[in-house]
Structure formats: structure tokens, C-alpha cells
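Enquirer: Sequence:
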Amino acid sequence: MHATCTAVFVAVAAIIGFGFSSLRTLGRISWLAWIGVTSIVVAVLTVTIAVSLQDRPAAAPQDAVWESDFKIVNTPTFTQAISAISSLVFSYAGTPAFFSIAAEMRDPHHYTRSLVLCQSVVTVVYLAVGVVVYYYCGSYVSSPALGSAGPTVKKVAYGLALPGLIVSAAVMLHVGTSLFDKESC
1 MHATCTAVFV
11 AVAAIIGFGF
21 SSLRTLGRIS
31 WLAWIGVTSI
41 VVAVLTVTIA
51 VSLQDRPAAA
61 PQDAVWESDF
71 KIVNTPTFTQ
81 AISAISSLVF
91 SYAGTPAFFS
101 IAAEMRDPHH
111 YTRSLVLCQS
121 VVTVVYLAVG
131 VVVYYYCGSY
141 VSSPALGSAG
151 PTVKKVAYGL
161 ALPGLIVSAA
171 VMLHVGTSLF
181 DKESC
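Numbering follows full-length UniProt numbering, in which position 73 of the sequence shown is assigned residue number 73; successive positions increment by one, without gaps.
Please keep in mind that the hints were generated in silico from the structure rather than gathered at the bench.
There's no promise every hint is true.
[What the hints assert, rightly or not] Quick list of the computed label-pair ranges, beta carbon to beta carbon: (1) HIS110 x VAL89: 21 to 29 Å; (2) TRP66 x LEU45: 22 to 30 Å; (3) LEU115 x THR177: 40 to 48 Å.
Treat the numbers as computed from the prediction; the structure is a model and nothing was measured.
Using N, Cα and C, we set each Cβ at its ideal position, and we do this for glycine too.
With the hints as constraints, model all of the structure from the sequences given.
Expert: Right, dumping it as C-alpha cells:
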């Protein structure tokens, strides 16, 4: 049953994403971006609040008294360090979209200001959420972190994040196709 639900879920999300990505300009789907950002932020904040209220992360041992095992400074292996750095770098995966956004701006001179504002907000949110979730979950943070607060909160968080995931797919599909279709830029 789980595999069928996952396949249907992915198919429906892909169809909706393809439908929204067929709009010709980013300006016509910008209202979708606000819906997507709001849903992702609400989902992440829900998990952040939930991990601070629970007595232990979902993946932590349930049979003993639990205390967070977070470390401010650790001694990772080379592979672990590179993996952590690449996770941080790839979490900013929206960078390829910036060229399409600049190409469609009414006044491209505002691009740098928009870029700095966007990246600053994203960095602050990443740091705040990451620090809080890691503080409360320690080494038991799940990947993605939406699963760190247990199965019920995980389902709620993914339900809240679903519009954002669909909008992300639509925007990325639009950006990819706009690189080939110069008329939309």
C-alpha cells in the first residue's frame, strides 16, 4: 500500500507541477512562489516547534532517559566533513534560477539587491532552524529534518509542505525550459 501511495503521490505532484510550469513567464507564477514559500516556512516552523516540545527525537532510543548529544565542535572524518559542506552548498540549489529571474525583471538593476535580500533571509532561516533542531535532536536529526519530531508531526509537516514542493517543481521546470526557450525571457 505504501509504495502505491508514494507512486500516486509523485504522479499527481508531477502533473500539477508540469501544469503550473507551462505558464510563459515567472511573473505569471510569482503568486505561486508566495504560496510555496509560506507553506515550506510553516512546515519547517511546525517541526522546529514540535522538536522543542517533545521529550526526545523520534529516532532516539525510547527505553532510557534521553539527553541531547549535540556538539558545538566535533572531529569528523574527511568524508563526513565534505558531506556536511556539500549539504550546505547544495541547500542553496535555487542559484540556477537567478539567471532566469534577472532576465525577466522589469528593472535588472534591482537584481543585486533582490539577490542579497533573498540569500540573507534564506541564510537566517537555515541557521535559526538548523541550530534549534540540532540542539533538541542532536545526532538523531533525521534527513530531511521534517521527520525529526515523530510520525504524526512528519505527516502534518509534509502535508503543509506539499504546496511548496509542487511550486518548487513548477518553478524549476519553468527555469529549465526557459533556458531553451528564449522567447519566454
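Enquirer: Hint by hint, which ones does this structure get wrong, listed from lowest number up?
Expert: 3
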